[in-house]
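As you go down the protein sequences, you meet chains A, B and C in turn.
Per our numbering, residue 1 is the first one in the first sequence, and the count goes up by one each step.
Per our numbering, residue 1 is the first one in the second sequence, and the count goes up by one each step.
Per our numbering, residue 1 is the first one in the third sequence, and the count goes up by one each step.
Please keep in mind that the hints were generated in silico from the structure rather than gathered at the bench.
Incorrect hints may appear among the rest.
[As the list claims (entries may be wrong)] Taking lysine-lysine pairs in the DSS-like style, the calculated list, with each CA pair at most 25 Å apart, reads:
#1 C:Lys242 with C:Lys180
#2 A:Lys15 with A:Lys110
#3 A:Lys95 with A:Lys46
#4 B:Lys75 with C:Lys146
#5 C:Lys464 with C:Lys482
#6 A:Lys67 with A:Lys15
#7 C:Lys482 with C:Lys469
#8 C:Lys242 with C:Lys146
#9 A:Lys15 with A:Lys95
#10 A:Lys95 with B:Lys75
#11 A:Lys298 with B:Lys75
#12 B:Lys75 with A:Lys46
[Unchecked claim] Covered stretches of chain A (in silico footprint by chain B; criterion: 3 or more residues with CB under 8 Å from a CB of chain B, positions within the stretch not fixed):
#13 96 to 104
#14 238 to 246
#15 307 to 319
#16 324 to 336
#17 354 to 366
A quick note: this is a predicted structure, and the numbers were derived from the prediction, not measured.
Note that beta-carbon positions come from the ideal geometry of N, C-alpha and C, so glycine has one too.
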Amino acid sequence: MSELTQLTAADTAAKIAAGEITAVEVAQAHLDRIAAVDDRTHAFLKVDAEGALSAARAVDDARAGGKPLGPLAGVPLALKDVVVTEGLETTCGSKILAGWIPPYDATITKRMLDAGIVILGKTNMDEFAMGSSTENSAYGPSHNPWDLDRVPGGSSGGSSAAVAAYEAPLAIGTDTGGSIRQPAAVTGLVGAKPTYGGVSRYGLIAFSSSLDQAGPIARTVLDAALLHEVIGGHDPADSTSIDAPVPPVVLAAMAGAAGDLSALTIAVVGELGGDGYQPGVTAAFADAVARLESSGAKVVEVSCPHFGYALPAYYLIAPSECSSNLARFDAVRYGLRVGDDGAHSLEEVMSLTRQAGFGAEVKRRIILGTYALSSGYYDAYYGQAQRVRTLITRDFAAAFETCDVLISPTTPTVAFPIGERIDNPMSMYAADLCTLPASLAGLPAISVPCGLSEGLPVGLQVMAPALADDRTYQVAAALEASYGRPLIDEVPSL
Amino acid sequence: MAITRDEVAYLARLARLSVSDEELDVFARQLDVIVGAVARVAEVAADDIPPTTHAVPLTNVLRHDLVTPSLPRDKVLAAAPAAEDGRFRVPRILEDEA
Amino acid sequence: MTTTMSTPATPSYDDVVARYEPVIGLETHVELGTASKMFCGCSTTFGAEPNTQVCPVCLGLPGALPVANEISIESTVRIGLALNCSISPWCRFARKNYFYPDMPKNFQISQYDEPLCTDGWLDVDVDGEVVRVGIERVHLEEDTGKSLHVGGATGRIHGATHSLVDYNRAGIPLVEIVTKPVEGIGARAPEVAKAYVTELREILRTLGVSDVRMEQGSLRCDVNTSLRPIGTATLGTRSETKNVNSLRSVERAVRSEILRQAALLDVGERIVQETRHFQEDTGRSRSGRSKEEATDYRYFPEPDLVPLAPSAAWIEELRGALPELPSQRRHRLATELGASDHDMAAMSNAGVVDLVAATVAAGAPAAEARNWWLGYLSQQANAADVEPADLAIAPEQVARIIALVADGTLSSGLARQVVDGVVETGQDPDRVIEGRGLRTVNDTGALTAAVDEAIAAHPDIAEKVRGGKVAAAGVLVGAVMKATRGQADAQTVRSLILSQLDAEEWTWRT
Chain A
1 MSELTQLTAA DTAAKIAAGE ITAVEVAQAH LDRIAAVDDR THAFLKVDAE GALSAARAVD
61 DARAGGKPLG PLAGVPLALK DVVVTEGLET TCGSKILAGW IPPYDATITK RMLDAGIVIL
121 GKTNMDEFAM GSSTENSAYG PSHNPWDLDR VPGGSSGGSS AAVAAYEAPL AIGTDTGGSI
181 RQPAAVTGLV GAKPTYGGVS RYGLIAFSSS LDQAGPIART VLDAALLHEV IGGHDPADST
241 SIDAPVPPVV LAAMAGAAGD LSALTIAVVG ELGGDGYQPG VTAAFADAVA RLESSGAKVV
301 EVSCPHFGYA LPAYYLIAPS ECSSNLARFD AVRYGLRVGD DGAHSLEEVM SLTRQAGFGA
361 EVKRRIILGT YALSSGYYDA YYGQAQRVRT LITRDFAAAF ETCDVLISPT TPTVAFPIGE
421 RIDNPMSMYA ADLCTLPASL AGLPAISVPC GLSEGLPVGL QVMAPALADD RTYQVAAALE
481 ASYGRPLIDE VPSL
Chain B
1 MAITRDEVAY LARLARLSVS DEELDVFARQ LDVIVGAVAR VAEVAADDIP PTTHAVPLTN
61 VLRHDLVTPS LPRDKVLAAA PAAEDGRFRV PRILEDEA
Chain C
1 MTTTMSTPAT PSYDDVVARY EPVIGLETHV ELGTASKMFC GCSTTFGAEP NTQVCPVCLG
61 LPGALPVANE ISIESTVRIG LALNCSISPW CRFARKNYFY PDMPKNFQIS QYDEPLCTDG
121 WLDVDVDGEV VRVGIERVHL EEDTGKSLHV GGATGRIHGA THSLVDYNRA GIPLVEIVTK
181 PVEGIGARAP EVAKAYVTEL REILRTLGVS DVRMEQGSLR CDVNTSLRPI GTATLGTRSE
241 TKNVNSLRSV ERAVRSEILR QAALLDVGER IVQETRHFQE DTGRSRSGRS KEEATDYRYF
301 PEPDLVPLAP SAAWIEELRG ALPELPSQRR HRLATELGAS DHDMAAMSNA GVVDLVAATV
361 AAGAPAAEAR NWWLGYLSQQ ANAADVEPAD LAIAPEQVAR IIALVADGTL SSGLARQVVD
421 GVVETGQDPD RVIEGRGLRT VNDTGALTAA VDEAIAAHPD IAEKVRGGKV AAAGVLVGAV
481 MKATRGQADA QTVRSLILSQ LDAEEWTWRT
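Just chain A, same shape as in the assembly (with noise of 0.2 Å):
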C-alpha cells in the first residue's frame, strides 16, 4: 500500500500545496488501492478514474500557476452514491435509477469541486438510504474492513468500508436516522451528522426530507472538521438551509487536540446504555468516560425519559416521507421502465416499474409510510410521531441546561456478520437506536471511535444544541487525543 494512501486529509493538502507531492500521483496512488481491495470491500459501485486524475491536474495547474488552494484541494475523496453528480450515474443503491445520468451537480458536490477535492466515485449504500448495513443495496453488500464477513454499517456504508480501507481518506455520507454515525463507529472511523439545515440538501436524494443531514467521514477528526466547513453553510436552493456562519469546527477540533476539557459538563444519558448494549461496548464506553474526565471534563449523568419512543417515531417519520419522496420513480422521466408492450397501461407499467425496481425494505417502508399516512390512521401514526419529535426535542433541550453535550455509545453493538438480520427488520432497526434521538431533534452529533471490542471498533457519540457543532467536534478531537494515535491504524491491512 502506497503511503499516500495512509497520510491524513490535512497532511495531504499540506503536501500538496507545499509542492512535495502532486494531486495526480494521490489520486493514483488511490485508483490502485481501490483496484487492488474493492473487489473484497466492494466499497465502490462506481470508480471514475478519468474525473478523478482530470480534477487532480487542475488542482496540480492551479497550483504551478500560483493560484492559493483550498485546505482540502487535491484531496480525493469517496462520494455516496445518494449524492446527485452531473455527467456521472447516480443510482442510490437502486434498481430504478441504474444507469441515471444526472443533469445537475448536487450544491455539495459542486462546493467540494470548488474546493479542489478529488471525487474518486460513487460508493455502495443501502438503497435510497434505507439500511444500516449495506445489505439493501441492489448491488449487493460492502464489507467491513475489519472482518470482511462482516456489515460496514450503513447506509453509508460503501463510504465508511472506502475509507477504513484507504481506499479513501474522505467520504461523504448521510445520516437520517444514524447513517453516517453507525457506519463511522463500527469501522473505526469518525463520522458527524451536522446540525438539520447546517449542510445543504439540494442534490440529496430525499430519503426522509425533515431528517436527512450529509456530513463527513473521515479517519481523524481534524479531517472530518475540514470536510464539514467545505460542504457547510447557507444555501438558498434548500428552504430548510440555515442562513448562518458554519460553527468553527476545524478551531475546536484543534482546540480538543490539546486535551483540555476543563471548561465542559459532559453528561451520559442514562437511558442510551444498559441491557441489550455488548459488555464490550459499554467496557469501551466506560473507559472513554473516564477518559474525558481525566481531560477535566466534569462528567454528570442526565435523563431522557423519552428517547425510548425514538425509535417508534422514526420509523413512522421517515416511512412517511419515503413514500411521498419516493412516488416520483415511475418509469416517465427518468430510471427505469417495465413492462412497456404496448398491452400495460401507464398505471401498469408504473406498478410494474415500481415492483421489479425497488427492493424488499423499500417496499416495506413505501406500504408503512402509506398506512401511516393514510386518512384515519394520520392523526394516531404520523401525527403521534410528531408529537413525540416535540417532546424528545424538550428532553434535550431540559439535558442542556445542565450540561454542554451529551453522549452515549453511537451502537448498541460493534458490527454484525452479514446476513445475521436481513430477515429481521425490527432487528436490524435496533442498530439506530442511539442515533436516532438527536436526528429527531435536528441537533448536531458525532460518532468517534472509543476502543475496540473483541478487535472491532466501538464508537462513542458526542450530541450538542443546534449550531454548537463545534462542540461535538472539540470533545471527539480531545477523546481522539488521549489515544496516542487514531484506533484505525489497527485495521487489517487487506
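Using the hints, position chains B and C against chain A.
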C-alpha cells in the same frame, strides 16, 4: 393494532407496487410486527403537545421572482425511457386526471 | 364510465327550478402571472416549445428542492384581501399525494388544512340585484404539466394508444379560490355563476396578478352543482364539472347540470358524486372518474418548505396598496357620471365604462359621452367585430368632437362622419374636419347664393312653395344640401328658402 393482508394489498395498490402474492404474505407478517412496535408512540404524547414538522424554526424562506436558465431539452429527454416530438412518451393512460 | 343511463325525457328549465333548488359552488384556478415558476426559476411564458422551460426542480428530478416565489405569496394574499378574506398569520404547504404522469413528483405541493386566506366574500351583480357569494378559502399550489393523447379519434384520453407529456406548465403558481355553497338563488343559479366568475376575473385583472385568459387556461373553472327538492334542507349529492373554459360555458354548464340532475331525480335515480367534463361543442358534460373510487391523498406538511408567516404589518401594507377594485370603481363612476344603476349596467355590458369615464375626464358632459359610446361608437365597434375599447379613436378625440357639436361647428351628422374619419385615418378630429371640409356652413351669404341657385334651377317647385305648398320645399332643401356637400344645417337652409319665397311654415292653428 394489527395490519391485515388485505390492507397491505390495498396500500401496495395505492403506492403503485404490483407486489406478488408471496411477498404480500411476508410483508403482511413483518408489517404487523412493525406496526405493533411503532404504535407505542400512542403511549406518550398528549394532544396538547404541538407536533414538530420542521427541526429548524425557520419561516418565510422565499426567492425573488427571477427567471434562471432551464435545462437544455436534449439533456432532459436523454434520461427519459421514451420520448417523441420533444415530449415524454408514456403508455396509454387509463384514468382521467384527478 | 362514459355512458349515462337511458336518458329520461328532459323537463323544461322553468319546471325544474319550480320544483328543485339548485345549490352551486365554484372552484376557480388562476395561474399567476409571475415571471418564474412557483418553486424554481424556469420561465412561465405561454406557448414555448415543449419541455424547454423545465429544470431539476419542476421536473421532480431526484435531489431537487423547492423554494417558494415571493411574488406568488404576495399575489395570493392580495387576492385574499380583495375577496375580504382573513389572512392566516402562520400556515404551511402540504403534499397532496397521487400518481398522475403530468405531475412530476407524483405529489402536488398545495395547501390543505392551513390555506393562506379564508372566509371572505364577493358581491356580484345579477340584473341589478346584489348576490353575496361566500369565499371558503384561497390557497396556493403548483400547476401540472400537460398531456397530449395520441392515436385516439378525438385527442381524448379514451381510445388513445399513448400519451406525450410536456412539463412546461408544471410548477406554474396556481391559486385556487373556492366558494362556499351558494344557496337561495333559485332559477338564477347559472347567471350567478357567470356573474361571479366575471366579477372575479375583473378583480384579478385589476390586481394585475394574472392575465386571466380562459382560452389559454390561465383561468379555469370547476362548477359544483346539486339539487334539492324545494322546502328541504339537506344538500343533494353534487357533481363537479371541470373544463369550463369560457364565461358563457360557466352559465351553460350550470344550466345543463341542473337539467341533467333533475331528469335523473324525476325518475327516482340517484345522483352519483363524480367529476364530469364539460364539452364546449355540445354544451353538455360527460362523466369522468367517480369520486367514490377516489384515491386517498395522504396530505402531510411539506417538509422541504418552511412555514409561511405573513406579518400583520406586511398584510396591512398590501391592503393599503390595493388598487381601486371594480365594484368600488363602478360605485364611484356612477356618482361621477350621474348614472343610474340601469345606465351603469348598460355601460358595463357594452364594455364602455372606462371609455365614458375617460371621455368625461377629457371635458365632455356625462350624458353626451354615454350616448356616444353606447350609441354610434358601440355600433361601429359591433360592425367591425371589435371591443369598443379597440376602436381606433381615443376618449379625448370623442370629447373634442362632442365639444365641436356643442359650439355648432359640427352637426350631429357631420360629427359621425368625423368619427368615421378618425377611425379610418388615425388623424385627430380637427385634421379630419380640415382635410375633408366637414365644417358646418354658417356663412349666410354663401348659403343664400346656393338657395338662389336651387330656386332658379327648380322654378316649378319654387312656384308651388310660393303658392303655399310648403311641403314641396323639401326638394329645394335637398338640392342645397347636395350642393353644399352636407355641410349646411338643414333647418337653416329650410328657413332661408321659405323666406326667399315669402312662404310661411304651415302651422296648426286652433
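*Does the structure break any of the earlier hints, and which numbers would those be?*
Those not satisfied are hints 9 and 11.
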